[in-house]
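**Q** Listed here are the chains, written in short residue letters.
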Amino acid sequence: MGELLIFGFIFYNMQQEPNQLVDHLFRTEAGKMTAVLTRLFGFKQHETAEDIVHDTIYQALKEWRFRVPENPTAWLYRVAKNKAIDYLRRENRMAEISSELKPLLKSEYTLPTVVNFYFNENEIADSQLRMMFAACHPAIPEEAQIALVLKTLCGFSVEEIARAFLSNKDSIEKRLYRAKEKIREANIQLDVPVGNDMQTRLETVLQCIYLLFNEGYNSSTADSVIRKDLCYEAIRLCLLLTENPNSNLPETNALLALMCYNASRFDARIDNDGLIVLLQDQDRTKWNKELIQKGQYYFNISSAGNHISTYHLEAAISSMHCMAASFAQTNWKAILGFYNLLTERKPSPVVLLNRAIALSFAESKQAAIAEIKKLGSLQNHYLYNAALGDLYFDIGKTDEAKVYYETALKQTHNPQEHELLNKKLALTSSKPNTGRP
Amino acid sequence: MAEFLLLFRGAAAGHGPVLSPDEREAQMQRWMNWLGDLTKQGKMLGAQPLEATGKVIQGTRKTVIDGPFAEGKEIVGGYLLCKASNWDVAVEISKGCPILEHEQGTVEVRAVGQM
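Sequence lines, in order, name chains A and B.
FYI, in our numbering the residues of the first sequence are 322 to 758.
FYI, in our numbering the residues of the second sequence are 6 to 120.
Hints were generated in silico from the structure; no laboratory data involved.
There may be inaccurate statements among the hints.
Computed list of lysine-lysine pairs in DSBU-like fashion (alpha-carbon distance at most 30 angstroms, straight line) [what the hints assert, rightly or not]:
1. K67/B with K423/A
2. K503/A with K88/B
3. K45/B with K427/A
4. K45/B with K694/A
5. K88/B with K423/A
6. K383/A with K404/A
7. K695/A with K667/A
Let the sequences and hints guide you as you build the complete structure.
**A** Quick look at the structure:
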């Protein structure tokens, strides 16, 4: 737990947002309580668990207006436990309970003890892991997995999820409904897998966390508060996986390292006006050294064993950037080497595009242009055209650069990207070449 | 697999020793451990403590008598219905019952009969 608190402070003190820290701890507790109550009742009664948590939070908001209790977490747990016990004692409720704990919840000898027991620290972590593996079951579509994780484990409201995904309440609700239906239909158990199962199931869980983090890190439209929350949640969930010996595998640590490295640049990437600051222009003193150190720490752990995952390679690339004293001192040869390994495992167009950009620094702009032009499937993506625009600009072919920038402008609706592309476009008409922004 | 009813006597509510909150919690924990193990083995079918007061309805006239109708230590204070392959196993299960931590505590084991 200590480790998570440290992350909370590193993460949120980056921009001194004390209120947000409190809000966030509140939300995290809601996620924990939902996981525990769902574990107690069985997934079929997941909505009941959510209702109890909702009532608990509502009661807290009402009563805390007059006096905030000394230990808010303990207060929340006590109220949630009592509500759960009341619920279970009410007539005819038992038939709906599907967990293996049912006989113990039915007996007055054990009901209070068992409810109490599952609210202890270790069991809370275990309940969250079980929920994570159920929500990230391969049978559930990826986008639904992320929505379900945010709703059940991170205490996000449907509105907040919609805001994070630039979607609306209705479609998020549909997504959640389908995911829950799938868990019920396929009778997915709230278990932490063991043995060989762990390896395959962990893959989907890590992928979901990776996407969750990228949604927060790269989504250029959602507001920065919610984006930071997504990144923090991804780190928190991955940290939970490292705390269980079964899921604490090298790739888990590699993903955690990758997220720490990238998160260290979170604030330096955006200037005071909310505009994107490119890697070459970032003030490296603004990079969060504590997160870089955390990244190093987990990256070292991840090197145990022989298996190299894509997370290892992406973490290695990110660490090369973190280590470089300046943009000019970046070890592009090494980065290109990691990209070459990465493309063998994950030859996605975006990876290939990034490899080509590394190539442009490690070898030559012309070679990079040739590589990018092979990526036909990306032609309609603004990143493709923006990258070509940059490269043509760098070799002095401003007319070509102009055409590519103009195409890129039509392919993104994000105001920050627009601002950046317009700046670049303006430079194509002002000679001599003074270097692109 | 046969079913057995275990009847606990000797520490019904209000008749057992007075416990501090900590002792009470420790006692609850022992019940939890015992019944939790049986649940894991799939042997637990149901268990409840019983209050010390009650009523007895008797005979064709259905006379209703208020309790208490037995001496304190004779009152049934709770029960467990469980599965066990034979008498030996049922007796072994009974030996784990926390009621036996009291000198007066007894567990009466009865096999579920057929009619």
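**Q** Quick check: which numbered hints come out false for this structure?
**A** Failing hints, ascending: 1, 2, 4.
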